[in-house]
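Undergrad: What follows is the residue order along each chain.
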Amino acid sequence: MAIIQVEHLSFAYTTDLEPVKVLDDINLEIDKGEAFALMGPTGAGKSTLCLALNGIIPHLVNGTMDGRVLVDGIDTRDTYPAALSQTVGIIHQDPDSQLFCPSVEEEVAFGLENAGLARQEITERIDWALRVVRMDAYRKSSPARLSGGQKQRVAIACSLALLPKVLVLDEPTSSLDPAGQAEVYEAVERLRRERQVTLVLVGTDAEHSAAYTAHMAFLIAGKIIALGEPQKLLADKQLVTLAGVYPPQMMELAWELNSRCQTSYNWLHMGQAESDLRARLQDPRSHG
Amino acid sequence: MAEPIIRINRLSHAYEEGTPAIHDITLDIPDNAFLAIIGHNGAGKTTLVKHFNGLLKPSRGQVLVTGIDVASTSTAALAHLVGFVFQNPDHQIFSGTVQEEVAFGLKNLGIASHEVERRVGQILDELEIGAFRDTPPAMLGYGLRRKITLAAVLAMDPRILVLDEPTVGLDAHSTNEFFNHINRMHQQGHSIILVTHDMRLAARYSSSCLVMRQGCTIGYDTTRNIFSNSNLLACAGLAQPAVTRLGSALQDAGMPANLLSVEEFADAYLGLSEHTL
Numbered sequence: 001m002a003i004i005q006v007e008h009l010s011f012a013y014t015t016d017l018e019p020v021k022v023l024d025d026i027n028l029e030i031d032k033g034e035a036f037a038l039m040g041p042t043g044a045g046k047s048t049l050c051l052a053l054n055g056i057i058p059h060l061v062n063g064t065m066d067g068r069v070l071v072d073g074i075d076t077r078d079t080y081p082a083a084l085s086q087t088v089g090i091i092h093q094d095p096d097s098q099l100f101c102p103s104v105e106e107e108v109a110f111g112l113e114n115a116g117l118a119r120q121e122i123t124e125r126i127d128w129a130l131r132v133v134r135m136d137a138y139r140k141s142s143p144a145r146l147s148g149g150q151k152q153r154v155a156i157a158c159s160l161a162l163l164p165k166v167l168v169l170d171e172p173t174s175s176l177d178p179a180g181q182a183e184v185y186e187a188v189e190r191l192r193r194e195r196q197v198t199l200v201l202v203g204t205d206a207e208h209s210a211a212y213t214a215h216m217a218f219l220i221a222g223k224i225i226a227l228g229e230p231q232k233l234l235a236d237k238q239l240v241t242l243a244g245v246y247p248p249q250m251m252e253l254a255w256e257l258n259s260r261c262q263t264s265y266n267w268l269h270m271g272q273a274e275s276d277l278r279a280r281l282q283d284p285r286s287h288g
Numbered sequence: 001m002a003e004p005i006i007r008i009n010r011l012s013h014a015y016e017e018g019t020p021a022i023h024d025i026t027l028d029i030p031d032n033a034f035l036a037i038i039g040h041n042g043a044g045k046t047t048l049v050k051h052f053n054g055l056l057k058p059s060r061g062q063v064l065v066t067g068i069d070v071a072s073t074s075t076a077a078l079a080h081l082v083g084f085v086f087q088n089p090d091h092q093i094f095s096g097t098v099q100e101e102v103a104f105g106l107k108n109l110g111i112a113s114h115e116v117e118r119r120v121g122q123i124l125d126e127l128e129i130g131a132f133r134d135t136p137p138a139m140l141g142y143g144l145r146r147k148i149t150l151a152a153v154l155a156m157d158p159r160i161l162v163l164d165e166p167t168v169g170l171d172a173h174s175t176n177e178f179f180n181h182i183n184r185m186h187q188q189g190h191s192i193i194l195v196t197h198d199m200r201l202a203a204r205y206s207s208s209c210l211v212m213r214q215g216c217t218i219g220y221d222t223t224r225n226i227f228s229n230s231n232l233l234a235c236a237g238l239a240q241p242a243v244t245r246l247g248s249a250l251q252d253a254g255m256p257a258n259l260l261s262v263e264e265f266a267d268a269y270l271g272l273s274e275h276t277l
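Residue numbers (our numbering), protein chains in the order written: chain A, 1 to 288; chain V, 1 to 277.
Because the hints were derived from the structure by calculation, they are not lab data.
Quantities reported herein were computed from a predicted structural model and do not represent experimental measurements.
The C-beta atom is built at its ideal place from N, Cα and C for all residues, glycine as well.
Careful, some of the hints might be misleading.
To be verified - One-sided and incomplete, this derived list gives chain A residues near chain V with beta-carbon spacing under 10 Å:
no., residue
1, 43
2, 74
3, 78
4, 180
Throw the hints in and build the complete structure from the sequences for me.
TA: Here's what the structure looks like:
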């Protein structure tokens with residue numbers, strides 16, 4: 001069942017000059033409990049689409065919206081973002097834009113207190129969310145003193161603690177080191193598996209998102225130009241290049257070998273590449 | 001032996017709380033280096049490089065940039081020598097239009113206005129942001145704001161360029177474009193210091209690597225030697241790029257374990273399998 005339905009969505013920002021059209025007739029359905037990747041180049045409209053998923057658009061941004069967005073059956077035009085925030089959590093690419101409390105634990109508590117939860121429940125959720133992002137040792141620290149990656153993990157904990165049905169991650173790990181990235185992806189994937197949280201992973205880097213998502217869309221200049229399984233979409237070098245997406249390195253290797261020796265390799269993971277190439281090295285007659 | 005462009009001697013730095021963010025670092029960076037500084041979040045990479053243009057002064061030890069002691073030199077005086085691109089573009093954007101932003105540093109260097117205009121136009125075109133020259137930077141998306149900060153620093157043509165996670169928020173196309181430009185600057189003799197946790201970038205572009213962990217340096221060698229040492233990287237909370245790992249996994253079938261890029265992997269593999277269908 002679809003938890004997110006985007007129907008003929010267009011949006012243009014109002015500016016002093018002409019309106020700037022950023023989204024153009026977007027249609028999407030995302031099922032409950034699925035992980036979905038939205039990929040595309042800088043300026044494609046990805047972040048604008050994210051804002052339309054929790055009602056910030058059309059309620060808090062100047063512009064004209066056509067079409068509609070339904071989240072868990074709720075039409076975002078009829079519901080204010082404050083009410084939608086417990087259904088859809090958004091984690092932005094720049095954590096500085098969302099951290100303002102004097103300590104990490106107060107930061108995580110902020111949304112929970114606004115949601116009117118009991119003190120005991122708040123404490124338990126703070127403990128849990130900070131453990132998930134491995135920031136429990138910093139609960140008394142000031143967010144301003146943390147490194148970029150640590151701040152991002154706190155921002156993620158703030159959203160996680162609200163236990164939203166849909167978690168939108170807008171380039172959430174680009175400032176994290178490899179260990180931190182893996183931790184975040186594992187944490188959100190665990191939420192999806194265990195609590196049926198729907199994940200929307202937004203970004204330009206398919207190295208991780210391809211491994212975790214069942215469906216992927218490419219957004220270019222405000223339009224969805226491709227929608228399908230990551231393994232199929234990412235095999236298309238021309239499409240991936242056009243979309244400014246960083247392919248998984250194993251797919252890049254498949255492209256390179258395919259172009260140089262007319263094979264048809266298609267790899268997302270190292271395991272796939274290893275078994276094909278090992279077979280080939282041991283038996284030169286086998287082909288990809 | 002030529003003079004190093006940056007000499008770091010027993011450098012330590014502690015922020016106000018007293019815990020050292022970096023501890024007792026000694027190293028020379030040769031002229032025309034393409035050095036990647038890699039390490040986990042909070043390892044001290046940014047703290048270290050902020051000493052190169054005097055944004056931070058050593059708590060202990062000494063940093064010499066082209067022989068100049070940064071402790072006794074102002075950041076303004078070092079600006080023509082060391083260009084610095086920060087992680088967060090909003091920390092360095094303040095002008096009303098893209099054009100003014102990129103021109104700001106050049107004007108401060110006292111460069112004639114026609115030359116300022118020429119350089120600004122050239123760099124905006126190279127980074128494909130010429131269309132936004134009259135737009136307020138605040139109106140633009142994160143990726144575009146990043147490009148503007150890069151343009152502003154690149155326009156000053158500094159001898160040493162410090163890039164602190166320069167491509168976070170940029171798409172693949174913009175990253176390639178950006179590094180094409182950086183490679184050209186490197187070939188022209190500039191020294192490049194790239195702070196990153198993107199192992200694909202470090203492996204592909206740098207020629208030497210400094211590995212940091214908890215404020216200390218734990219490795220300084222050629223990029224190839226660093227990346228073939230999986231234990232060292234793991235110790236720093238990092239991992240080899242997938243092609244390097246794949247080479248290692250296929251070592252028993254004859255593949256090398258120190259490959260750095262897709263192209264290198266393909267060359268080695270095709271050489272081995274005589275796979276020339």
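Undergrad: Checking each numbered hint in turn, tell me which of them this model violates, lowest number first.
TA: Checked against the structure, the hints that fail are numbers 2 and 3, while the rest are satisfied.
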